[in-house]
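From first to last, the protein sequence lines are chains E and P. According to this note's numbering, the first sequence is numbered sequentially starting from 1. According to this note's numbering, the second sequence is numbered sequentially starting from 1.
Simulated from the structure, these hints should not be mistaken for lab results. All C-beta atoms in this analysis are idealised placements derived from N, C-alpha and C, irrespective of residue type, glycine included. Hints should not be assumed to be uniformly reliable.
[Claimed, not checked] FRET-style restraints, in silico, Cβ to Cβ:
1) P:Ala166 - E:Glu49: 43 to 53 Å
2) P:Ala474 - E:Asn61: 54 to 64 Å
3) P:Ile417 - E:Glu49: 28 to 38 Å
4) E:Trp85 - P:Leu408: 38 to 48 Å
5) E:Ile55 - P:Ala426: 26 to 36 Å
6) E:Ile31 - P:Val17: 22 to 32 Å
7) E:Lys301 - P:Phe99: 34 to 44 Å
Residue-level listing of the chains:
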Amino acid sequence: MSPTPSSSATSSSASSPASPSLLPLPRRDFILLPLISLLTALLMGALAEFGSRQIWVEKANDDCAVGGRHKANCTMLMKNIEGPWVRYETNDCGYRGTASCGPKPAGNLRAVVMGTSVAFGLHIPYDQFFAARAAPELSKIWHHPVEVQNLGDIMPLWLNNDATLKEMAALKPDAVFLIVAPFDLSRAGGQGEEEGAVPKKANEVKTGWTWTDARLALRESRVLYMAQHFLLNDEKFFLHAFEEYADPNDASRTPTPPLVEQRFGLMEERVAKAVEYARPAGAEVFMVALPNRVQCALISKRIRLPHMDPYIFNSRMKEIALRHEVNYIDLIPDLERTPNAERLFYSVDGHPAAGAHSLMASAIVHYFRKRGGLCSTNKNGTAR
Amino acid sequence: MGGASLEFLGFAVIVAVAYQLFRSAQWHNWILLLASFCLLSTFTHDYHALLPFVVFLAFGYCGLQIVRRRRSALAAFVIGTVLLFMYLKKYSLIPMEAFLPFPVLTVGLSYILFRVLHLMIDTDSGAIQGMVGPLEYLVYTLNFTTLVSGPIQRYQDFKKTMEEAATKRPGLRSIGEAVERIIVGLFKTNALALVLSDVQNSAIAELSRGGARHFAMGVISFTAYPLFLYCNFSGYIDMVIGIGRLLGITLPENFQRPFSSDSFSEFWNRWHITLSAWLRTYVYTPLLISLMRKYPMEKLEPVWAVSAFFVTFFLVGVWHGQTDAFLFFGFLQGLGVSMNKLYQILMMKGMGRKAFRSLSSSHPYVIAARGLTFTWFTFTLLWFWSNFNQIGKLFAALGWQQVVLVWLAIWVGASVILATWEFLRAAVLSIQWRGNLVIESRYWRTAWDTALAITSAAVMLLSNQPAPELVYKAF
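Hey, can you work out the whole structure from these sequences and the hints?
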């Protein structure tokens, strides 16, 4: 710093008449400058899309799928955008897991998991899957090695036909776990089978780029997906979004919309059917109802939104379970104890992440610790 | 509102449109005053809180008028204004019981203090000719673009630019440049500062938790803050300079690549320029001159220069806050600048002016000195964003051996990174097309600004949180 006083720092330098900032813009710039802006935006969008696809990889193809089922003894890798690479292995019946579906080894107890993607353990490595986590502890409580047969599937098989229930009965299970989630409501009894199907006429010749194509491309955009991911990780945003834009037929709405009532009715029919198959096979039936991400957030944060009740799904499922003498394993106390329970889910995909499976496993184990073994095992712990 | 928010920007655009509807200086003054009152009203709706603020302004104006007539009154009014300021800002050396029992609006009061003192002193010295009317006084001291955090502009320059604004409307290029400046400001405050603030908070949290990556977290905790502060403050200044241009008003620059400074005294010529220039004009120079006049010995001149530097930059620190941490921050600023000056004097004496100049312009020296300047500033800032207790905890979490290693790493790292930055900057500045710098081409700038605007929007949207509060708003 010079000790000489100088006002240069605080003095202004006003534009002189010859200053370039006073010259008019050339006419071409009225087109060129907006065009450059637009091109920059497009380039940034393209670079962001490319970068996102490199960073947040997805592999959604189910290489083991065949005719709505999984091939036997098949191994494949899949990756959800928000999750890790997951290896899926199927056994000799095409169920997820490595334990054979043949006659159960003497002295073993067989637990069959029924349900859709949550029961399948979609996006979850098998060792973090709730049944795999719970099995060692259940073996101790039930005094017998527990073998898990996972009839859960990405497709809503048990909700729509009896074939899966027949398979379940043929496995001669000791325990059947019905895993239900709010999303299943819209798929019970053959609903939503057309979902995801892109209407396409045979021999249709595609010409040009349509708005539908553009909308589909945007839906496939990785940048937008990740933008949603970050936004939905923000509690304020996603609760606000839910409040504003929730499905009019969301299971949390009060009073329960007629369509949702109808869905609960269809779900009850499927539960009754499952019990009908499980009981003669000598299995005890248990139900675990996992609320969705928003419901978990509302339960864990004890937030009340107008005309919304996050407990409805679980209380209704509990009523259904009790009506059909199904043992109900309640996750609500665990969710109420978990801070920020929405973090147990993939935020855009909505499926439970490893944290939710851990919570389910610990709730199941806790339930049996309190209750003791299965009714089908006698007092000295001998299996049927 | 006041900070680098979109609300403030929207408000400023409305004011600019209203301002450009008229070509009369008088109308411009009224519009600016109304805008300033509107902005002030967003900080408080309590008239009690506003009253002391009004008293401060009125005291300043009365002082200004009295000083214009009776020059001997200057010292009394300068001291009175400073004491009133310290009272309203609740300086800890005043007993707590003496303060007003209700909240007092003090937003921008520090900057108003500088403007009022400048008016009084320059009126006394004759640098300001003629009477400053009440409207001009209020428009100058409360100017909504500079009310919250400066920059501190001289009245003469402000008056000149206001007169110019009344005679010509900004052209399309000027508006483009204004928008460009606002975009850069938004990017710094709403994207970079936000990210840096989050990075620092996470690093401090991990350090406090006793995480495994102690060393890295220590480096990040300390170095993120000066970068954050730069983006937060200079970004805001960019925005208000841009807003000023929309109005046709030229505001002074407050930053000039401060982290490129290769000495601490040079740093203060590039950081918060208008504050250091004000202090240079009204504290350093008069103090040095009076010391040299009182003790006119050539041998003592370097001692007086070093002492005047210390006092000036000690005041810089003290101005920032009222706690003992800010007192120490001021001490470290004074120490840094005065030791820097002493070192220069001793080196020039020891090895000769020419040899020292040659040494201090050599590349390795400049690189190391730049890194050291950054490191010292970063170190002094610990007492700016933290306090003795928190600093003790952070150092304890690191362990003393690690503390030394962390600061050494910051010096080496800053030297390397800043040297690389300077090299890249020089490389970019060397790219020419038909004899013109590509980076200065409006086509390139349009693309660059679009990219910054999109990035800012993306960060603002995805983070879903407001930009960090303007740090200098508190002073």
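Review point. Among all the numbered hints in the text so far, which are the ones the structure does not match?
Key: Structure breaks no hint.
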